[in-house]
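> In case you want the letters, here they are:
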Amino acid sequence: MTLARRIIPCLDVDGGRVVKGIEFDRLRDMGDPEALAARYNREGADELVVLDIAASRDGRATFLDTISRVARQLNIPLTAGGGIRKLEDGQSVLRAGADKVTVNTAAVERPELISELANQFGSQAVVLSIDAKRMAGRWEVFTRGGREATGLDAMEWARNGVARGAGEILLTSIDRDGTCNGFDCELTAAISTSVSVPVIASGGAKTFEHFFAVFGDGQADAALAASIFHGEIHSIHALKAYLIERGLPIRVEREL
Amino acid sequence: MRLSIVDYGAGNLPSVERAFQSLGAESERVISAAQLAAARAIVLPGVGHFSAFVAALKKSGLAASLRAAFDSNIPILGICLGLQAMFATSEEAPRDEGLGFLAGEVRALPTSAKSPHIGWNQIRHARSSQLLRDVPTDAYFYFAHSYAAPATGDCVAAVCDHGRAFAAVVEHRNLFGVQFHPEKSGQVGARVLRNFLEALP
Numbered sequence: 000m001t002l003a004r005r006i007i008p009c010l011d012v013d014g015g016r017v018v019k020g021i022e023f024d025r026l027r028d029m030g031d032p033e034a035l036a037a038r039y040n041r042e043g044a045d046e047l048v049v050l051d052i053a054a055s056r057d058g059r060a061t062f063l064d065t066i067s068r069v070a071r072q073l074n075i076p077l078t079a080g081g082g083i084r085k086l087e088d089g090q091s092v093l094r095a096g097a098d099k100v101t102v103n104t105a106a107v108e109r110p111e112l113i114s115e116l117a118n119q120f121g122s123q124a125v126v127l128s129i130d131a132k133r134m135a136g137r138w139e140v141f142t143r144g145g146r147e148a149t150g151l152d153a154m155e156w157a158r159n160g161v162a163r164g165a166g167e168i169l170l171t172s173i174d175r176d177g178t179c180n181g182f183d184c185e186l187t188a189a190i191s192t193s194v195s196v197p198v199i200a201s202g203g204a205k206t207f208e209h210f211f212a213v214f215g216d217g218q219a220d221a222a223l224a225a226s227i228f229h230g231e232i233h234s235i236h237a238l239k240a241y242l243i244e245r246g247l248p249i250r251v252e253r254e255l
Numbered sequence: 000m001r002l003s004i005v006d007y008g009a010g011n012l013p014s015v016e017r018a019f020q021s022l023g024a025e026s027e028r029v030i031s032a033a034q035l036a037a038a039r040a041i042v043l044p045g046v047g048h049f050s051a052f053v054a055a056l057k058k059s060g061l062a063a064s065l066r067a068a069f070d071s072n073i074p075i076l077g078i079c080l081g082l083q084a085m086f087a088t089s090e091e092a093p094r095d096e097g098l099g100f101l102a103g104e105v106r107a108l109p110t111s112a113k114s115p116h117i118g119w120n121q122i123r124h125a126r127s128s129q130l131l132r133d134v135p136t137d138a139y140f141y142f143a144h145s146y147a148a149p150a151t152g153d154c155v156a157a158v159c160d161h162g163r164a165f166a167a168v169v170e171h172r173n174l175f176g177v178q179f180h181p182e183k184s185g186q187v188g189a190r191v192l193r194n195f196l197e198a199l200p
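Residue numbers (numbering that gives the first Met the number 0), protein chains in the order written: chain A, 0 to 255; chain B, 0 to 200.
You can take every hint at face value.
With the Cβ distance kept under 10 Å, some of the chain B side facing chain A (calculated, not the full set):
#	residue
1	ALA112
2	ALA143
3	GLY185
4	ALA189
Pairwise CB distance ranges, derived in the manner of DEER restraints:
#	chain 1	residue 1	chain 2	residue 2	range
5	B	ALA63	A	THR192	42 to 50 Å
6	B	LEU196	A	ARG133	50 to 58 Å
7	B	ALA102	A	ARG94	30 to 38 Å
8	B	PRO135	A	MET134	47 to 55 Å
To be clear, the hints were calculated from the coordinates, so they are not data collected in a lab. Cβ atoms here follow ideal geometry from the backbone N, Cα and C, with glycine treated the same way.
The following block holds chain B by itself, in its conformation from the complex:
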């Protein structure tokens, strides 16, 4: 199945594209709501500021197409800020609304630990997960972020700790999200992407 990678004008898309390509998956960049409406499986990568990200998605109409995709059970994989945008709100941009597919607020990591949380960290599997199938429990993933989604909630499949616990992997219906960068996380990251491909109908 061809993946539709949301291109909102920023972010390091080539590394995400290459990671999927090396797993044998074809992908195309989508920049318009109309293109996204035809998608069968969606990847939503994101870097930078929550406010700029959701503003770009709304302005282009991509946010409405993502909502339609969510409602019609099209699988969506959010990466980093792409995961955070699935939640209702973020402390990074209190006046902006997220996509709101998941309840809860994305909040800043505490300053008791070094922030941004940059580097390789381990995660704790919270329940059975499609994305983490055959991923060793002590595996390291590459993180680069200062804000994070809540560690509690039915959607949370794995958590990570950095100053506090936060959601590292979320899975809910057709929604998949990872706070780390699977495309930058070596072999275990590739395994997570392959698990996403294998979870597609």
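Pulled out of the complex, with its shape left as it was, chain A reads as follows:
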């Protein structure tokens, strides 16, 4: 009996469509969130993350509608976030059908947001999203989609967030994001061993070996990737078969 390592596809959404940033301010359409959610559910994804990458106030209703349409396709957990600024934002995301809510920029600006959400909905529903970049021998936290340096040390911020009630850390390496060079195993292991909650590694996944490495050297509890799954370059089923063959505890969806 071992807790399975989780494979988590992520849908970055904007205006009700799944998108992928290809360079500054340019987005490529990657498809319909409902169709992708249904496919991932069927292929054995362990969870799905939906992020509102525009996170504009005007787009809020569209995002909530996307969450509820995606939730209807799933019999696995759904995590949603992007632009969560206050308790009510988290509540509306959970009411729309998400099981967990992620917070990032607003939690750095006002850390009490984490405890407010955890007190209301439980720690298991609060995921602290941290975007970290290597700076002079340590990892620094960046906000606003990785554009703004905060001066915070990622390990200290992770510990602080957990103390305030975050039940999971979604950790993105800014250095690796979009590079296809693999997860930052050093960063992931540093955070994973310094907090008591599960850590989801994100940023840089391209090959099956990258996933194997982040569960081994990176000590990740879960691994997240977006575009490599959307284009059907990799199926989740094939990735899981690879990881099982290498001895990792992995759940396989089956018909009963």
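Using the hints, position chain B against chain A.
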């Protein structure tokens, strides 16, 4: 048979409703003690804090209706905190009493393992169980919790390990409880819900 799903004002009810709906079962949300008194089969989902949960049940009179349902053999399925609330007490809220249908104290999972216990884990069947009929012994279920019910006791039908052993499935008379989320546990979770439906009189 129509299911009565207890709506105490929190929790992700739509996913539980959808899961039963996809199995062909009708359900209604009940918010009052009077509605619950007419129930033929009850589902008690729960998330969040033990104290807030039992306080909401008591304030609305739902706790008394659940007790009456338990006493008159109406099947009740507790999910996650819904299972925990069936016990006498919880370490999460030492001053509050649970529903007390089952003896024992719900306790925090040890910090030797990562907590909350979030993710997919396997369970060990402890004895024959209606909820686990035709569920493979190596199946994974989705858990999301920091507290758990004792692994020992006649009511325990399956246990899970995370830092320590705890009750994953309980069955006692008309009481059924699962610590995992069957509505979030893919095909095996749907099988558990179907087994509950098939256990109804």
